Every structure is written in C-alpha cells, then in structure tokens.
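Colleague: Here is what each chain is made of, one letter per residue.
There are 4 protein chains.
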Amino acid sequence: MKKIKVGIAGLGRLGKVHAENLAFKIPNAELTAACSIMPAELDYAKEVLGVEDVYSDYREMLAKADIDAVAIVTTSGEHCWQIEAALDAGKHVFSDKPLGVNVEECRIAEKAVERHPELAFFLGFMRRFDPSYAYAKKKIEEGAIGTPYMVKATGIDPEALVDGAIRFAATSGGIFIDMAIHDIDLMRWFLGSDPVEVYATGSTFKHPEFREAGDDETGVAMYKCENGAVGFVHVGRTAPHGYHVETEIIGTEGSIRVSPVPAKNLCMIYNNQGVVQECVSGFPERFAESYRLEMEDFINCVQNGVKPEVTVYDGTKSTQIGFATTEAYRQGGIVKIEY
Amino acid sequence: MKKIKVGIAGLGRLGKVHAENLAFKIPNAELTAACSIMPAELDYAKEVLGVEDVYSDYREMLAKADIDAVAIVTTSGEHCWQIEAALDAGKHVFSDKPLGVNVEECRIAEKAVERHPELAFFLGFMRRFDPSYAYAKKKIEEGAIGTPYMVKATGIDPEALVDGAIRFAATSGGIFIDMAIHDIDLMRWFLGSDPVEVYATGSTFKHPEFREAGDDETGVAMYKCENGAVGFVHVGRTAPHGYHVETEIIGTEGSIRVSPVPAKNLCMIYNNQGVVQECVSGFPERFAESYRLEMEDFINCVQNGVKPEVTVYDGTKSTQIGFATTEAYRQGGIVKIEY
Amino acid sequence: MKKIKVGIAGLGRLGKVHAENLAFKIPNAELTAACSIMPAELDYAKEVLGVEDVYSDYREMLAKADIDAVAIVTTSGEHCWQIEAALDAGKHVFSDKPLGVNVEECRIAEKAVERHPELAFFLGFMRRFDPSYAYAKKKIEEGAIGTPYMVKATGIDPEALVDGAIRFAATSGGIFIDMAIHDIDLMRWFLGSDPVEVYATGSTFKHPEFREAGDDETGVAMYKCENGAVGFVHVGRTAPHGYHVETEIIGTEGSIRVSPVPAKNLCMIYNNQGVVQECVSGFPERFAESYRLEMEDFINCVQNGVKPEVTVYDGTKSTQIGFATTEAYRQGGIVKIEY
Amino acid sequence: MKKIKVGIAGLGRLGKVHAENLAFKIPNAELTAACSIMPAELDYAKEVLGVEDVYSDYREMLAKADIDAVAIVTTSGEHCWQIEAALDAGKHVFSDKPLGVNVEECRIAEKAVERHPELAFFLGFMRRFDPSYAYAKKKIEEGAIGTPYMVKATGIDPEALVDGAIRFAATSGGIFIDMAIHDIDLMRWFLGSDPVEVYATGSTFKHPEFREAGDDETGVAMYKCENGAVGFVHVGRTAPHGYHVETEIIGTEGSIRVSPVPAKNLCMIYNNQGVVQECVSGFPERFAESYRLEMEDFINCVQNGVKPEVTVYDGTKSTQIGFATTEAYRQGGIVKIEY
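Residue numbers (UniProt numbering), protein chains in the order written: chain A, 1 to 339; chain B, 1 to 339; chain C, 1 to 339; chain D, 1 to 339.
Just so you know, these hints were derived from the structure itself, not from any lab.
One copy or any two copies: either way a pair holds, since identical chains are not told apart in the list.
Listed next, the in silico DMTMM-like pairs over lysine to aspartate or glutamate satisfying Cα-Cα at most 20 Å (straight line):
1. Lys25 with Asp297
2. Lys25 with Glu296
3. Lys5 with Asp53
4. Lys97 with Glu309
5. Lys139 with Glu278
6. Lys2 with Asp43
7. Lys25 with Glu289
8. Lys138 with Glu253
9. Lys3 with Glu30
10. Lys336 with Glu197
11. Lys2 with Glu47
12. Lys264 with Glu141
13. Lys137 with Glu278
From a predicted model like this one, the values you see are computed outputs, not experimental measurements.
Please put together the full structure from these sequences, using the hints given.
Modeller: See below:
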C-alpha cells in the first residue's frame with residue numbers, strides 16, 4: 001500500500017508532536033517535507049526527523065515538494081490562507097484548530113474546501129480522538145445515557161504554566177477564544193445541536209495581570225441550544241493540581257463524566273496526606289495519544305478517499321461561538337448566535 | 001443540666017425525622033408537645049414518640065404546652081406566621097426551610113426575630129450540618145483552597161421518585177423555588193458573597209408533564225456575585241442513579257468537591273458491569289445525620305444562649321434569590337438581584 | 001413499651017461510647033447503673049450520663065441495681081467471669097469482644113450461656129453492624145457475587161497512634177490476638193466456613209521496639225477453610241494515612257470491597273498534591289455508627305426475645321483462631337485448627 | 001543514526017504485537033526478517049508488515065538474514081535454545097517471558113549470556129514498562145513510601161476468556177507457572193529482595209474442569225523474603241469485571257496501589273446501577289503501551305550499548321520461584337527456596 005507523503009508547516013511545540021507521529025508512528029504515512037520560518041526548526045527536521053526536503057517558504061513547499069498532503073501547525077492567523085493554498089495546489093489538508101481567527105477567514109477556507117471535494121480536509125479537534133472521549137461518544141450513540149440534554153465542560157490549565165498565559169494575555173484574543181474552542185466543539189458534538197444564545201462572565205482572584213490585560217483568568221459561559229439542551233463551559237488558567245479537562249454529558253437515562261479526576265496514571269498513593277491521585281501536567285501528557293490517533297485518521301481518510309468526520313463548517317461554527325461568547329463576556333449580557 | 005422542652009408543629013415525612021431526633025437522639029432535648037392537623041400524626045406522636053400533650057391548633061400549643069421551643073416543620077406557606085407567633089409567645093424557634101414563600105412574609109419573620117433578640121431563631125439549612133459540607137467549610141476557613149471564587153452546585157432528585165414531582169409540578173412554585181434553595185444557601189455560604197445577577201434556563205427531555213405544567217424537569221442558573229465570584233446551580237428531577245447532591249467549591253489554591261459520587265456506603269462492587277458504586281436513594285438517606293446535627297445545634301444554642309449561625313436574613317436572601325432565578329428563567333433573560 | 005434497663009461495667013474509652021449510646025441514643029434503653037474501679041469514671045457516669053446508681057464492685061451491681069441487662073466493656077481478661085456472673089444473676093448480657101483471653105475461659109462463658117437459654121447473650125463484633133459491612137453481607141446473601149471463596153482482610157492502626165501500641169507491645173498477647181479478631185470474625189462470617197489451617201508471619205521495618213518486645217509491627221496470615229475457601233489477613237500498626245480497615249470478599253460472580261479508601265467523608269480535595277481523599281483517624285471515627293447499631297440490636301433482641309446473630313461459639317472460635325495464628329506466627333510454620 | 005535491524009521469531013498473538021511495534025512504531029528499529037513454522041504467519045509478515053525476508057527455520061534466519069537482533073516470541077519451551085543460538089550467532093536478543101520452562105534450560109541461557117557480554121539480552125517482563133508500574137517504581141526510589149516491606153499482587157484473567165484457560169489447564173504447568181510469573185517478578189522488583197520460603201494453596205468454586213485437570217482456577221501464595229519482607233500473590237481465571245492486574249506496595253511511610261480499579265478509560269458512567277467504571281478486557285488492552293515501551297527500550301539498549309535492567313538471572317529466579325510455588329501448592333506445605 002502506497003504511503004501518504006506529507007509536508008508539515010510549523011514545527012513549534014505541537015508541530016513537533018505531529019511531525020514525530022507522521023515520521024515514526026503512522027505506518028502508512030511518510031514525512032517527506034517540512035516548512036518553517038525558524039531555521040532551528042528546519043535543523044530539527046533534518047536531524048531528528050530525517051527530513052531533507054525543507055523550506056522556509058510555505059508556497060514553495062506546496063509547489064516543489066513531493067507531497068500528497070500538508071499538515072498545518074502554524075499560528076492560528078495563518079491557517080486559512082494556508083488551507084486555501086494547499087487545497088488549490090491539490091494537496092489534502094490537515095489543519096490544527098482553530099480553523100481561523102475570524103469568521104471571514106473561515107468562509108475563505110469553506111469555499112476552498114467546497115472547490116475541492118476530491119481532497120480531504122481535516123480539522124484537528126483531537127479531543128474527539130482521545131480514547132475516553134471517543135468511548136463516551138460511542139456509548140452515547142449506543143443509547144447508554146438516552147438523549148443528551150446537558151454538557152458541562154471544564155478546561156483549566158495548570159497554575160504551573162500560568163506565567164506563559166500571563167505573557168500572552170493581551171494578545172490571546174481573550175480566554176474564550178484562546179481556551180474554550182475544544183470545549184465548544186465537544187459540546188456541539190455530544191449534544192448534536194448548536195447553541196443559539198450565550199451568557200458569559202469571568203473572574204480574576206489570583207493573578208491581577210489578566211485583568212490588567214483586559215482579560216480574566218477564569219471564564220464561564222452558559223449556552224442554550226437549538227434543541228433546548230443546555231451547555232456550560234468553564235475555562236481557566238490556575239488549576240493547582242495539574243491540567244484539568246473534564247466533560248460531563250447528561251442524558252435522560254444516565255450521564256458520563258470524562259476525567260473528573262485527571263489522573264496521571266493508575267497509581268494511587270496512600271501517604272500522610274490521605275489517598276492521593278496525582279494528575280496530568282499538561283495537554284502534551286493528557287492528549288499525546290489523541291494527537292497520534294487524529295493524524296492516523298487523517299492519513300487513513302486520505303488513503304481510503306473517506307471524508308473526515310469534522311467538517312470545515314464545524315470549524316467555522318466553533319469560531320463563531322467563541323466570538324459570540326467573547327462578546328457576551330465583554331458586554332456582560334446575552335448574545336444570540338446565528339450561523 | 002435542664003433539658004430543653006420542645007413542641008413540634010407538623011409530623012409529615014420530615015416532621016417525623018425531627019420529632020424522633022428530639023425524642024430519642026438528643027440528650028439535652030425533650031419532646032413534650034406535638035401539633036398537627038392530621039389526627040393520624042397525633043396518634044403517631046402518642047404511640048411512637050410517647051408525647052401525650054398533643055394539639056390540633058398551633059396557637060393553642062403555644063399557649064398551653066410546657067415548652068421552651070418549637071420546631072416548625074409545616075408546609076412552607078405556614079412558616080412565617082408560625083415563627084412570629086412562637087417568638088411573640090416567648091418560644092425559641094426552629095423552622096424548616098424555606099423561611100417563607102415570598103419576600104413580604106420573610107420581612108414579617110425578620111421583624112419578629114428583631115423584636116426578640118433574647119430568643120434563638122434557627123433556620124433549617126441542614127446541609128450546612130452534613131459532616132462533609134461542614135468539613136469542606138472548615139477546610140476552606142483554614143485556607144485549604146485559598147479564596148473561593150466559584151461554586152458549582154448540583155441537586156437532582158432520583159428518577160425513581162419523579163411521579164410525585166410530576167404531581168406537584170403545577171403548584172410547586174417552579175423548579176428553582178422547589179429545589180434550588182439549599183444550593184443557593186450553600187453558594188452564598190461558601191463564597192461569602194451574595195449574587196447580584198442571575199441568568200437561568202430550563203429543559204425537559206424526559207417527562208413532558210413538567211413542561212405542560214409550566215415548569216421544567218431541569219433548571220440551570222448562573223450567578224454573578226457582588227465580589228466577582230461566580231455561581232452555577234443545576235437542579236433536576238431525573239437522576240437515574242439516585243439522589244445526586246454535589247457541590248464544587250473552587251478557590252485560588254485548590255478546590256473541594258463534596259460528593260461527586262453520591263455513594264450509598266463504602267462498598268465497591270466488582271461485577272460484570274465493571275466496578276460499581278451504588279448511590280443514595282434520597283434525601284432521608286443522604287442527610288439523616290444532618291437533620292440530627294442541626295437539631296442538636298439548635299438545642300445547644302438555646303441551652304447556651306448562643307445565636308445560630310444561619311440568620312433570618314439568610315432565609316430572606318435565599319428566598320429572594322430563588323424568586324429572581326425563577327423570574328430570569330421565565331423571562332429567558334438576566335435579572336438583577338437587590339436586597 | 002417498657003425500656004430495657006442496663007448497667008454498664010467499664011467506662012474507659014469504648015465504655016463511654018457504649019454508655020452514651022445507651023443513655024442518649026437508643027429510645028428503648030435506659031442506662032440505670034454503672035460500675036467501674038476508677039472513681040473518675042463513676043463521676044463521669046453521674047455528671048455526664050446522669051446515672052446515680054454507681055458501683056465499684058461488679059457483683060454488687062448485679063445484686064442490687066435495677067437492671068435487666070449488663071453491658072460489659074471491661075478489660076478482656078474480665079469478660080468471661082463477668083458474663084457468667086451476669087447470666088447467673090438473670091441479666092441479659094452484652095459483652096465487648098473478645099469473648100475471652102483463652103479457650104478455657106471461653107468454655108466457661110459457653111456453659112453459662114447454655115444454662116440460660118432464656119437470656120440474650122450478645123458479643124460485640126460491631127463491624128458486622130457497620131452499614132457498609134452489613135450491606136456487603138446483604139448483597140452477598142442476595143447472590144450479588146455468587147459463592148464467596150476468598151476474603152482478604154486488612155486492619156492497620158494509624159501511625160499517629162503507634163506510641164500507645166509500642167507501650168503495650170509486650171503485654172498485648174501479640175499482634176494477632178490484639179488486632180486480628182475482628183478480621184477473623186469477618187472472614188468466617190463472609191465465607192460461611194471455618195479455617196482449618198493457618199500459616200503466618202510478621203515483619204518490622206519501622207519500629208524495632210515491637211521486635212524487641214517479642215512481637216512485630218505487621219502480621220500476615222493465610223487460612224485454608226473447611227470448604228476450600230481461602231482467607232488472608234494483614235494487620236499492622238503503621239498506616240500513615242489513618243485507620244485502614246478494608247475487606248475484600250471475592251465470589252464466583254463478583255467481589256465486594258469494603259472501604260478500599262478509608263475516606264473521612266465525601267470531600268475530595270484538589271490541590272497541589274493532586275486529588276486527595278482524607279482518611280479516618282481511628283476506630284472511634286470509623287465505627288461510631290456501628291457501636292450504636294450493635295447496641296440498638298442488643299436492646300431489640302432483649303426486648304423482643306430474639307437471639308442475637310453472633311453466638312458465644314463465634315466468640316470461642318475467633319479466639320481459637322487467633323491463638324492458632326499466633327502459634328503459626330511464632331513457630332514460623334503451619335498450624336492445623338481444630339474446634 | 002543507523003536503525004537496528006531485527007528478525008522476529010514467532011508471529012502468534014503476542015508476536016504480532018511485537019512485530020507491528022518493530023515495523024511501525026519504533027523509529028530506530030527496522031523489522032527486516034521474520035520466522036515462523038506457520039505459513040499464514042509468513043504471509044502476514046509479507047503483506048501487513050512488508051517483510052520480504054521470511055524463514056520457516058530459525059537457525060536459517062540467524063545464518064542468512066541481515067539482522068542485528070532477534071525478537072523471540074515463540075512458545076516458552078523454545079526460548080532457551082533460541083536465545084543461545086542467537087547469541088552464539090552474534091545477535092542481540094529480546095526474549096518474551098518466561099526465560100525457560102525449567103531451571104536447567106535457564107542455566108543454558110545464563111551461560112550463553114555470560115559468553116557474550118558484548119551483546120544485549122532483554123527479557124520481556126513488560127509490566128515493568130507500563131507507565132503506572134514504572135511510575136510506582138520511580139516514586140518508591142524517590143522515597144515516597146519509605147522502605148517497602150510488603151507486596152500484594154493480584155492477577156486475574158477475565159471470566160470471558162475462561163474457556164481457553166480450561167482447554168489448556170492440563171498442559172499449562174499449573175496456575176502459578178502459567179500466571180504468576182509477572183507478579184513474582186514485580187514482587188522481587190519492588191521489594192528488592194528474593195523470597196526464601198513459600199506457602200501456597202488453591203481453590204475451585206466455579207469451573208470444576210480445572211480441578212479435574214489437576215489444577216485450580218485460583219491460586220494463592222504467601223512469601224517470606226530474605227530481608228524479612230512479605231509477598232502475597234493471588235492469581236485466578238474468573239474475574240467477571242475484566243482483566244484484573246493490581247499490585248499494592250506497602251512501605252514504612254506509605255503505600256502505592258497500581259490499578260485497584262482496572263479502568264478501561266477515564267469515563268465514569270452514572271446509570272441505574274449507580275456509578276460504573278468499566279474495566280479493561282484483557283492484557284492486550286491493558287499492556288499495549290508496555291509492549292511498545294519495552295521493545296523501544298531493547299532497541300535503545302542495543303543502539304547505545306547499554307545493558308537492559310532485567311537480567312537473565314532475574315529470568316532464572318522467577319522461574320525457580322514459580323516452581324517452588326507450584327511445589328508448595330501441590331504438597332500443601334511450605335517450601336524453602338534456594339537459588
């Protein structure tokens with residue numbers, strides 16, 4: 001079976017994760033080209049990944065490299081034009097989330113995808129590929145909890161990493177844009193319905209720097225969905241115990257909680273504190289497997305001519321909802337969401 | 001040490017719980033009188049409780065019985081006038097929650113309490129006396145989680161008991177009045193701040209009877225507090241696993257979850273379903289100990305001339321918040337709360 | 001209904017627990033007399049319990065006090081003769097465990113019980129009354145785990161209390177006699193079969209004082225039962241997290257673990273250690289409810305002329321097994337157990 | 001960096017796991033040859049693994065294939081001579097556990113390893129590479145539980161797979177040889193001491209076929225170690241909830257339990273049973289990651305000229321202990337273990 005040849009754009013922290021998965025852990029993929037504006041990242045591509053065909057110009061990679069597909073792991077503002085350029089160059093596209101940083105950009109990506117129905121477009125909502133989230137979805141589809149009518153989603157970065165968040169507070173787009181996009185996607189996915197109204201607020205009790213930068217360290221939003229279901233999203237920066245991503249899906253016949261205790265592993269420690277479950281330190285630890293599995297799915301989609309489950313429209317909608325949430329948060333009121 | 005003599009008003013399901021605690025489980029209390037409009041309840045008082053001095057008229061009990069205090073466990077609409085009458089008769093008062101069914105009534109109770117600073121007035125927010133809730137409060141006061149800035153409260157009655165809830169749906173005052181008062185009290189208690197704004201909604205996916213009665217089977221509300229803290233309350237009628245009362249208090253240095261798994265006991269069962277934790281069946285099972293402990297505290301307050309921690313104003317406020325939440329829910333909008 | 005009048009013998013730590021239950025928490029019991037060789041304990045009886053009829057001589061209490069029953073909570077070496085004397089004086093008897101400190105004594109108690117079939121004899125294996133243990137038993141009787149074929153029992157005292165244990169190491173009778181009797185009783189109760197062979201050993205890694213006193217800080221024993229079932233008992237003195245009493249009952253269709261995490265309450269604390277469950281501090285905290293429930297059952301047995309479930313023979317057997325275990329431990333070999 | 005070329009011997013269920021890891025998931029390994037006596041397995045090697053250089057004769061692969069190392073995943077009885085042949089042919093060796101089926105064979109492997117200090121010999125005790133077990137070991141080395149003095153190990157295959165176990169009961173070597181080898185290795189690893197005495201027994205309450213085949217469905221053994229520590233091993237065939245592998249390591253300052261609830265994933269399901277944690281179905285699910293990590297470590301050892309942590313002597317000792325346990329079980333007595 002022919003391996004899918006992939007060129008990667010962006011080799012930052014997450015770019016490296018994807019690159020190593022493509023290079024070493026996905027049998028039917030081959031990482032044949034890499035592009036970065038950082039020379040050190042191209043050295044890394046050669047030395048660690050064994051990729052000789054490297055570029056500092058994205059369009060040049062599209063034009064010259066021997067690739068079937070691109071994996072876009074650049075900064076969010078670059079995603080949409082890079083998606084368009086790749087599709088127009090006849091390449092299948094994997095793009096990291098978010099789709100774009102505003103709805104106009106997302107529409108450009110949508111049109112490019114529509115122009116190229118022969119190509120796969122994959123948007124990296126990797127949480128859907130986490131074995132626990134995927135299992136929750138499967139159980140729900142099998143009817144284990146009846147009809148889902150509420151999602152409570154929590155995503156709190158570890159206090160241990162708060163300095164970086166403070167540094168980027170002024171330019172992050174606000175906590176909901178920066179942090180809630182995965183939770184919003186999960187909410188839509190599990191409820192099978194889109195939010196039509198949002199109310200949001202925020203608070204800062206620990207690090208005034210967030211407030212000074214016009215943001216908050218904690219954001220909370222409540223959604224009413226088209227079908228009457230309810231969503232609740234809580235994002236934050238200051239979890240003392242580690243990286244806390246938890247989702248509860250409540251249905252008419254039961255509910256499922258994914259990761260109420262964000263356990264590091266299966267060890268329980270009995271010591272003079274009591275019984276202690278240590279927790280995961282951050283997203284690379286929590287979602288390592290998800291990144292591999294989503295890329296594996298992308299490659300399989302390309303190879304088998306199958307359309308990925310997440311569509312470009314899911315990307316636009318999650319961006320729209322993120323902006324509506326931010327607007328509600330800033331106004332201190334209710335915002336209606338139209339698509 | 002002289003025992004405190006108590007007359008009880010109301011011997012329904014919860015009245016019996018309080019009566020048996022007073023009669024048998026609180027060393028420094030003596031149940032000496034009982035009042036009910038149901039003859040069968042007075043028979044019960046004589047036969048089971050050994051209380052000979054029974055009344056069908058509340059004011060008559062106040063006038064004639066040899067009592068230091070009354071325990072009011074009648075229907076909510078009777079609480080305020082009975083409180084006033086008892087205080088004016090020189091009796092210490094224990095009243096079950098809610099204080100009253102509207103704010104005007106609550107003001108009457110407030111004035112009566114103010115007229116009688118020499119008497120103890122105790123409002124039965126028994127969850128505060130649950131060993132786990134009390135422990136959470138103690139830990140928080142000791143600084144275990146820094147400054148609390150969010151409370152997520154959940155209170156869902158068991159699906160097994162939904163028929164009764166359906167029957168009373170039209171007259172219950174709505175799900176927030178009927179179910180959220182304890183959660184509202186806990187939110188205020190843990191956050192140390194009062195909500196000034198509420199947004200609320202509801203949903204019905206399982207039992208359309210609730211919607212037909214102008215109510216919902218699930219209610220969700222989000223609160224902004226005076227100090228910037230955030231509250232989230234979720235109440236419902238359809239928990240398949242049992243009686244689910246859970247509260248999460250999140251602070252700058254940690255968080256505490258009270259009863260995320262509403263365990264029936266300390267047994268874990270490993271069977272062909274997996275590992276199963278059975279859950280409590282309802283409030284009498286979950287809060288049996290709390291009912292005893294709150295009454296013990298009331299009696300101790302009376303005996304030692306100490307003021308109970310919960311005040312009549314806490315009662316008024318929780319009622320106000322309940323009404324504001326109901327208003328927000330009915331309007332589908334935001335309601336400001338003023339005290 | 002006539003209250004059962006009880007005289008208590010022994011008002012040490014556990015004696016006070018029983019006395020307060022009898023005096024204040026059991027409706028159909030009345031504590032009318034108390035006996036102790038410690039004057040301070042008799043003062044306590046008068047002042048706290050309100051018992052005026054006190055004795056320093058046990059036989060005198062039997063002869064003179066207005067009592068239907070006695071509760072024996074004296075040191076273990078006194079149990080058997082006090083049981084015999086009480087029964088011969090026509091009193092129902094509650095005795096704390098163990099039945100006796102050797103088998104000969106137990107036989108005396110057995111004979112006294114046999115002489116008085118009209119009287120209730122109750123042996124205080126209170127763990128059987130713990131709501132979780134009782135629930136486990138009920139589930140097993142309902143068939144929830146099929147046929148039980150193995151019990152793993154653990155009982156470890158908190159390191160926080162080790163000084164007391166060290167002080168009494170030389171005179172405690174050895175760790176199995178001192179600590180394993182409850183576990184042995186539970187093993188027999190859950191398996192429905194008696195052990196016929198035991199292998200035992202011990203270890204001391206933390207407090208050499210135990211070894212110096214001819215004992216060990218940890219004892220481990222394995223039992224083969226008559227019906228082929230297997231028991232495993234692990235007792236110790238050095239649990240850093242608190243008081244650890246855990247029992248696993250394994251059957252052909254499932255298993256039940258009672259208290260694998262000896263949770264203090266329903267609070268889970270998320271802090272910089274991870275997710276922490278604090279643990280119970282000792283037996284008074286863990287088994288407070290059991291002590292009350294067993295006494296309630298004793299009083300009900302007396303009142304209703306019902307025979308208690310635990311028999312005097314259960315007491316003898318657990319003592320025999322404790323001695324056989326100690327012998328196996330001391331010999332470093334296998335000991336056959338005959339009854 | 002030069003990739004390590006590996007030839008695999010044996011492509012059964014576990015062989016396929018190792019082969020796919022070598023072929024697709026370990027960057028610095030290359031699977032270049034395969035050997036099997038089953039033609040279908042060689043077809044699989046060509047079609048799925050892309051390995052063209054296949055053999056039906058093991059010695060021929062050693063002689064002709066372009067390989068640096070062999071991975072031996074054949075039946076247990078073949079391990080030792082294949083280890084010897086490979087080492088004498090100058091190949092690094094990975095061998096699945098157990099080292100051999102008797103001690104004489106193990107000695108042959110030991111001598112071969114001693115003859116070739118320049119070659120890596122790796123014995124596949126993959127549990128040591130499980131992230132949770134490895135974490136437990138790391139914590140213990142860091143002093144988290146003080147000095148370990150007891151290990152309680154449990155390994156129970158799922159009832160769902162019992163038919164296969166029944167089929168092989170007569171030829172498996174007995175339950176301790178067949179199932180306890182990993183638990184024995186973990187016990188030695190965590191305690192840092194070897195057992196010098198064992199007492200063992202077994203029971204059969206569900207499937208009499210085991211007894212009829214001269215074996216038992218459950219085996220239990222207790223060990224005294226050279227340093228005074230104690231081990232307890234419980235193996236079985238009939239876990240209704242799934243595949244139960246649990247290990248508790250108890251030390252002077254704390255204890256660690258690895259996998260007391262053998263959770264399938266991070267989903268907790270709240271339904272009409274209560275709160276349910278589904279469990280892993282078998283070793284391929286539980287230890288998938290361990291198999292990859294141990295092979296990664298083997299390849300790294302080869303590439304970097306580092307000696308693997310597990311030695312050939314560990315293999316001999318675990319085999320000796322397995323036989324001593326079986327002897328104790330069959331005799332119904334105590335067996336001393338000498339090395």
